[in-house]
Amino acid sequence: MNQNAEKKTIIINRIFDIPVELVWNAWTDPKLVMEWWGPINFTSPRCKIDFREGGKYLFCMRAPAEMGGQESYSTGTYTKIIPMEHLEFTHSISDKDGNIIDPSLIGLPDFPKEIEFVVEFKARGNQTELIIKEEGWKVGQMAELAELA
Numbered sequence: 001m002n003q004n005a006e007k008k009t010i011i012i013n014r015i016f017d018i019p020v021e022l023v024w025n026a027w028t029d030p031k032l033v034m035e036w037w038g039p040i041n042f043t044s045p046r047c048k049i050d051f052r053e054g055g056k057y058l059f060c061m062r063a064p065a066e067m068g069g070q071e072s073y074s075t076g077t078y079t080k081i082i083p084m085e086h087l088e089f090t091h092s093i094s095d096k097d098g099n100i101i102d103p104s105l106i107g108l109p110d111f112p113k114e115i116e117f118v119v120e121f122k123a124r125g126n127q128t129e130l131i132i133k134e135e136g137w138k139v140g141q142m143a144e145l146a147e148l149a
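So the sequence shown is residues 1 to 149, counted in the working numbering.
Bear in mind the hints are in silico, worked out from the structure with no lab data behind them.
From the three backbone atoms N, C-alpha and C, an ideal C-beta is built for every residue, glycine too.
Warning: the hint list may mix true and false statements.
[What the hints assert, rightly or not] What follows is a list of derived Cβ distance ranges for each label pair:
{"id": "1", "residue 1": "R46", "residue 2": "E114", "range": "17 to 23 Å"}
{"id": "2", "residue 1": "N13", "residue 2": "F51", "range": "38 to 44 Å"}
{"id": "3", "residue 1": "N25", "residue 2": "S104", "range": "18 to 24 Å"}
{"id": "4", "residue 1": "D95", "residue 2": "W36", "range": "18 to 24 Å"}
{"id": "5", "residue 1": "I106", "residue 2": "E21", "range": "35 to 41 Å"}
{"id": "6", "residue 1": "W36", "residue 2": "P83", "range": "31 to 37 Å"}
{"id": "7", "residue 1": "G125", "residue 2": "I100", "range": "24 to 30 Å"}
{"id": "8", "residue 1": "P19", "residue 2": "G107", "range": "17 to 23 Å"}
{"id": "9", "residue 1": "G55", "residue 2": "I11", "range": "33 to 39 Å"}
{"id": "10", "residue 1": "N99", "residue 2": "P19", "range": "33 to 39 Å"}
{"id": "11", "residue 1": "V139", "residue 2": "I15", "range": "34 to 40 Å"}
[Unchecked claim] Okay, derived cross-link-like pairs now, DSS-like style, lysine-lysine, Cα gap no bigger than 30 Å in a straight line:
{"id": "12", "residue 1": "K80", "residue 2": "K8"}
{"id": "13", "residue 1": "K8", "residue 2": "K56"}
{"id": "14", "residue 1": "K80", "residue 2": "K31"}
{"id": "15", "residue 1": "K96", "residue 2": "K56"}
{"id": "16", "residue 1": "K133", "residue 2": "K80"}
{"id": "17", "residue 1": "K122", "residue 2": "K56"}
{"id": "18", "residue 1": "K80", "residue 2": "K113"}
{"id": "19", "residue 1": "K8", "residue 2": "K133"}
{"id": "20", "residue 1": "K80", "residue 2": "K122"}
{"id": "21", "residue 1": "K133", "residue 2": "K96"}
{"id": "22", "residue 1": "K122", "residue 2": "K96"}
{"id": "23", "residue 1": "K48", "residue 2": "K8"}
{"id": "24", "residue 1": "K133", "residue 2": "K48"}
{"id": "25", "residue 1": "K31", "residue 2": "K113"}
{"id": "26", "residue 1": "K56", "residue 2": "K80"}
{"id": "27", "residue 1": "K7", "residue 2": "K113"}
I would like the entire structure built from these sequences, with the hints used as guidance.
Okay, here's the thing in structure tokens:
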């Protein structure tokens with residue numbers, strides 16, 4: 001079976017009514033990432049970012065109390081940075097120390113071991129167009145949930 005036939009690319013396009021600098025900062029400043037990372041009603045109590053090519057990040061996401069309140073972590077490496085324009089990084093599920101975890105071992109068989117992100121920031125006057133491309137998703141429920149973001 002062709003493994004690529006089971007892969008899916010997700011593209012998300014949004015327009016924000018704020019300048020590109022603010023959208024860029026929301027992706028690169030740990031304090032700001034903690035304000036939005038995760039699905040609706042989840043929080044992000046911790047975030048570490050070594051923002052440079054080759055640098056790593058570690059994000060924590062906490063489920064709402066009514067869903068158990070458990071924390072989960074993700075990590076990755078920044079592979080390309082063009083300030084105010086372009087980010088490329090990997091994304092994987094991890095433990096609290098940033099060690100990558102095989103998603104199938106924690107009950108997420110359709111979550112990829114690694115997702116490659118490309119994020120484009122396009123200044124449109126006082127607006128910003130944000131284009132997020134996520135490569136490596138397995139076709140399934142997790143990819144469908146990611147598209148809702």
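Hints versus structure:
no.: 1; hint: R46 with E114: 17 to 23 Å; result: holds, 22 Å
no.: 2; hint: N13 with F51: 38 to 44 Å; result: violated, 24 Å
no.: 3; hint: N25 with S104: 18 to 24 Å; result: violated, 35 Å
no.: 4; hint: D95 with W36: 18 to 24 Å; result: holds, 23 Å
no.: 5; hint: I106 with E21: 35 to 41 Å; result: holds, 37 Å
no.: 6; hint: W36 with P83: 31 to 37 Å; result: violated, 20 Å
no.: 7; hint: G125 with I100: 24 to 30 Å; result: violated, 40 Å
no.: 8; hint: P19 with G107: 17 to 23 Å; result: violated, 41 Å
no.: 9; hint: G55 with I11: 33 to 39 Å; result: violated, 25 Å
no.: 10; hint: N99 with P19: 33 to 39 Å; result: holds, 37 Å
no.: 11; hint: V139 with I15: 34 to 40 Å; result: violated, 28 Å
no.: 12; hint: K80 with K8; result: holds, 22 Å
no.: 13; hint: K8 with K56; result: holds, 25 Å
no.: 14; hint: K80 with K31; result: holds, 22 Å
no.: 15; hint: K96 with K56; result: holds, 13 Å
no.: 16; hint: K133 with K80; result: holds, 14 Å
no.: 17; hint: K122 with K56; result: holds, 24 Å
no.: 18; hint: K80 with K113; result: holds, 20 Å
no.: 19; hint: K8 with K133; result: holds, 11 Å
no.: 20; hint: K80 with K122; result: holds, 16 Å
no.: 21; hint: K133 with K96; result: holds, 26 Å
no.: 22; hint: K122 with K96; result: violated, 33 Å
no.: 23; hint: K48 with K8; result: holds, 28 Å
no.: 24; hint: K133 with K48; result: holds, 23 Å
no.: 25; hint: K31 with K113; result: holds, 26 Å
no.: 26; hint: K56 with K80; result: holds, 12 Å
no.: 27; hint: K7 with K113; result: holds, 12 Å
Going through the hint list in order, the structure does not satisfy hints 2, 3, 6, 7, 8, 9, 11, 22.
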